[in-house]
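4 protein chains.
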Amino acid sequence: MIRFNSDYLEGAHPRILKRLSETNFEQTPGYGEDKYCESARNVIKDLCKAPNAYVQFIVGGTQTNMILLAAALRPHQGAVAAETGHIAVHESGAIEGTGHKVLTLPHKDGKISAGAVSELCRVHFADESFEHMVQPKVVYLSQPTEYGTLYTREELIAMRGVCDRWNLLLYVDGARLGYALEAPGNDVDLPFLAEVCDAFYIGGTKQGALFGEALVMMNDALKADFRYILKQKGAMLAKGRLLGLQFEELLKDGLYNETSRHAIRLAMKLKQALTDLGYPFYIDSPTNQQFPVMPDSAIEKLSRKYAFANFGRVDATHTCVRFCTSWWTPEENVDALIADLKKL
Amino acid sequence: MIRFNSDYLEGAHPRILKRLSETNFEQTPGYGEDKYCESARNVIKDLCKAPNAYVQFIVGGTQTNMILLAAALRPHQGAVAAETGHIAVHESGAIEGTGHKVLTLPHKDGKISAGAVSELCRVHFADESFEHMVQPKVVYLSQPTEYGTLYTREELIAMRGVCDRWNLLLYVDGARLGYALEAPGNDVDLPFLAEVCDAFYIGGTKQGALFGEALVMMNDALKADFRYILKQKGAMLAKGRLLGLQFEELLKDGLYNETSRHAIRLAMKLKQALTDLGYPFYIDSPTNQQFPVMPDSAIEKLSRKYAFANFGRVDATHTCVRFCTSWWTPEENVDALIADLKKL
Amino acid sequence: MIRFNSDYLEGAHPRILKRLSETNFEQTPGYGEDKYCESARNVIKDLCKAPNAYVQFIVGGTQTNMILLAAALRPHQGAVAAETGHIAVHESGAIEGTGHKVLTLPHKDGKISAGAVSELCRVHFADESFEHMVQPKVVYLSQPTEYGTLYTREELIAMRGVCDRWNLLLYVDGARLGYALEAPGNDVDLPFLAEVCDAFYIGGTKQGALFGEALVMMNDALKADFRYILKQKGAMLAKGRLLGLQFEELLKDGLYNETSRHAIRLAMKLKQALTDLGYPFYIDSPTNQQFPVMPDSAIEKLSRKYAFANFGRVDATHTCVRFCTSWWTPEENVDALIADLKKL
Amino acid sequence: MIRFNSDYLEGAHPRILKRLSETNFEQTPGYGEDKYCESARNVIKDLCKAPNAYVQFIVGGTQTNMILLAAALRPHQGAVAAETGHIAVHESGAIEGTGHKVLTLPHKDGKISAGAVSELCRVHFADESFEHMVQPKVVYLSQPTEYGTLYTREELIAMRGVCDRWNLLLYVDGARLGYALEAPGNDVDLPFLAEVCDAFYIGGTKQGALFGEALVMMNDALKADFRYILKQKGAMLAKGRLLGLQFEELLKDGLYNETSRHAIRLAMKLKQALTDLGYPFYIDSPTNQQFPVMPDSAIEKLSRKYAFANFGRVDATHTCVRFCTSWWTPEENVDALIADLKKL
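Protein chains in written order, with the working numbering: chain V, 1 to 344; chain E, 1 to 344; chain F, 1 to 344; chain W, 1 to 344.
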């Protein structure tokens, strides 16, 4: 079975395992106060051109979202997200578990617009019973989105303006941020994210780390006492250096970008082949997730040899499926898939 | 600097790193549903002689305590713990963060007695305003305790009786369980824990894993829907196999016991040396944490070369300190320390 | 200004004030353990023909919803409600504040269907990642709904079946229950609610009490330890007798039904007049809330003399408004309104 | 049975019932935005000489504590209280229910000292693992305490200094505040409380209202968005005027002070009689709660005719009991009790 069903199927990039082995018997302080975390924090601040950034490493993405929002919100406040947003759907109510509602907006290809967020706020504060409803306080975006699409620089500038207008914080979930950075047409880079966001995270788990996300906080209000909340939510890793060391390695010498480019190149190769074969796409994604619509009969045949995700029925005989490439996908796997697609 | 200040200073046992490398490019399902987790679960059920046990692997100890208690308690219920218990002191209010009070009892060498728990329950239910107070529902013990001491089989049987009498659940935090299992005089083994507890965990982080704790649930009420709560609290590791693989390796061929015995042997060697040198002990610990009382002048000199923890001032010129050995402590480190102690 | 903008504009029915005065200097135990609460509980059990019902009186509706759901749900579970449901919109995130998501379904005239609830459950449990999403556990309905409409006996029987099929609890918010009971065409009475629901509440605040709702629990799992949770959420009224005494009086000699009939008769009188004058209705409500669509110019004129609620813009020149009658609305107020409507 | 077992045994002061009746059919806006609340807020600001105070009325005391602390604390912060404090013992974990730990200090006659609070903070921030422990953020006092004792002006000034030193908020629970204000030797008045506290509440339930507490917030950070949180916790009373009207009446013409003086005079009369009869006191209380130590045989005889609370066993044959007088206690009840005490 050749798997395209997610981008976290394998372990880690070999350079990470090598570094883990080399440093295994060094004795370091725990809880993220070691030299590897320190070094990785500096690398990130450099890449973001943000010397005032405050960086914390966290094991997983749901954990990162939950903790950042718990740190950001007072009890009556909520996060605005696309109805398809990860926090709205696939985190088992983690945000609600910390006491906060996720206020959803309709999406277009996984994205929400600055205008829609502004209108939600306008309606909220215009309602004479506004205190009877959850106050919008954070805008949650994902880059790329759950549909593989991207916010443009222009769109993020507009969203920042709306946030300033309504006193909201802007937070970007970058679980697959590398695949956004290297996508064709992308114009959003790390320094821009650091400028436009109150916080965002650079994903590791889906980008070649064993695990780990690097949360970058720009807004001072979020930084205050953050590590207490990290500990309270069970997220302060005892051997914190494992996180620092992985990010240090991933972000050194452009490895993060290089592996992301690899995934994007293979995704585009697959996209082109599918297009050439006449398959329509449910979403036009420039990143490592591709969403073709295929006849059920073709899906059935492919499934014998390849694993990929069912993304939803389109009509009586067609289904949208998702193929993921990753930092590690061997090119021959994509070539085999393309060959088999041609034979269908 | 030679460090004795904790038992999670290094990375992992080399056999774990080796296995991570060997399996790195296998593609597995995520979230703990892979073959390594399955295999490790079976190993644990075998070691516990508990085919009905339900095992989940979790990255850290605070996380494990928080999730187990969140799963076990209704909103008005709390956990009874020693005032020195980890959940009562060193988890930044993680339990309260999930809505539950920790009801503390005075400790003796880190332990609470079945009698004290029973009396707390009797007083609670005898009070005509009992509904105005938090209902005791879980007894939280640690084995070994935060003071390195052990509950005996006899004591745990008594505690189980009290739990049955008052309809409580019994939960044992085994962050350092290996060091308890191999301690001189210990009479509590895994099958007994599985028999006497509703849940307990087998620690990995302090026992030679990179990270990870194996939560063993025996009570069916705790098992139900547990993975939802795991996910909700941000604790469902994407590459769950990392946890399974580590526990599989640690528990295979007696590695867990062997490395624990190593730590205990060195701790006893150090204890004997300190005793011979006439140092009193704050607590008589049979495990890998040793708590001698030393003159401040001696501490000051040792500190130049060795790291160890300050455990509290005893009088104007003496302090209790803590030395930890671990699964990896080189014997020459202990020998060097003993030599330097003799020179003081 | 004559007010039709809500049904809680005045104090209480005079019989309630009279009883409060008569009993003012009696000394009673606190916290709902007095004879008035006891008596009111018995009256409710009789009216519901439910000797096993467990009745608790609570000051307000949001409080009642929040506490019942906190008592009913484990951390990963949520309540299914219409997107217009009170808990989904107008409780400032009270349910999320206790850690639980409200899972919303599209509504039709404020109602959700048994089929839609069943499909939501089917999709949830069919998803291979179901543990990554909030588990549906309680169905929340309101009778009448926020749009003044009613569930029929048939519809509730179907919903009960779906609840049994998917192991859900059925909870009915009866903030305006009296107006449902006396509505033309209604076929749902108290004994039927007691039979079909796991819990429901009989509203007092909007039905002639100073404050207070009577929560009726039928399911034993909800009854257990309920008063602890009541206290924990700050809802155990010290002078609990105030609640018991009000419900005793309201439910004695049919006062609750009589005052509800009064409100319904006036609402129907107003509805008929509006219909005769050719105004369309946004919703066809058989209860005390009426939702005509009126030209903005007419609304502007009426607003000088009458208070009523804006329910939403319909087109460029028309708006839906809401008129409420209540247990106390003087008939001359309705007559004056009708006369002025005719003059428009 | 003549009852001295609490100060909330009866309904309300007759002037309150009279006002409720007089205003019953006025139509007012809901949720505390009516003229009675507005007026009562102004009365309180005048009495406190605090034009910038922000006043909200809340039904009960546990509710008030829970909401104020939820508004004041970030997730990792807790409230410091005496181990006998109401929030630490008798609120069923309401504070923990909102996610926050109550950090307890040993008490002396129900009080904690500024020195002890300061030392707790010093130890917290001096600990290198401070982020692993709950951060102290609010000091919770009660005036009078649960033991009937009072903080002096001097003591509160010292506590304020400690709060400023460690960046804490000072909050005073005044459930029985009137009995403190009128106690012999008291030197703490409302303007001083408004000056020294970040927030405090003026109790109504135990002081002659049917229910209700007036929360006075001085610190702007607490005022922001407070009503959202009020609503979220189910505490925004629909007919909010009931609260405003009661406080307006209680605080008008000195009724609050007058009724409190009455309770104090009777308490002192009883105290003198008990002293003359040679009974020792467990606590020397200058307020409406008196705590004599009596032989069990005497208690047994008195219990046939009088209700009073058992406050704890003192030795094999003696128990501390609590007698409460209140705003309404008839003097003949106290005289009867004294006469019967003399006969023992």
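To be clear, the hints were calculated from the coordinates, so they are not data collected in a lab.
Careful: at least some of the hints might be erroneous.
Unchecked claim - Straight line, CA to CA, 35 Å or less: simulated DSBU-like cross-link-like pairs of lysine-lysine:
id	chain 1	residue 1	chain 2	residue 2
1	E	Lys108	V	Lys35
2	W	Lys35	F	Lys305
3	V	Lys35	E	Lys45
4	W	Lys35	F	Lys45
5	E	Lys271	E	Lys343
6	E	Lys252	V	Lys18
7	W	Lys342	W	Lys18
8	E	Lys35	V	Lys269
9	E	Lys49	V	Lys35
10	V	Lys223	W	Lys18
11	W	Lys343	F	Lys305
Hints the structure fails to honour:
1, 3, 4, 7, 9, 10 and 11
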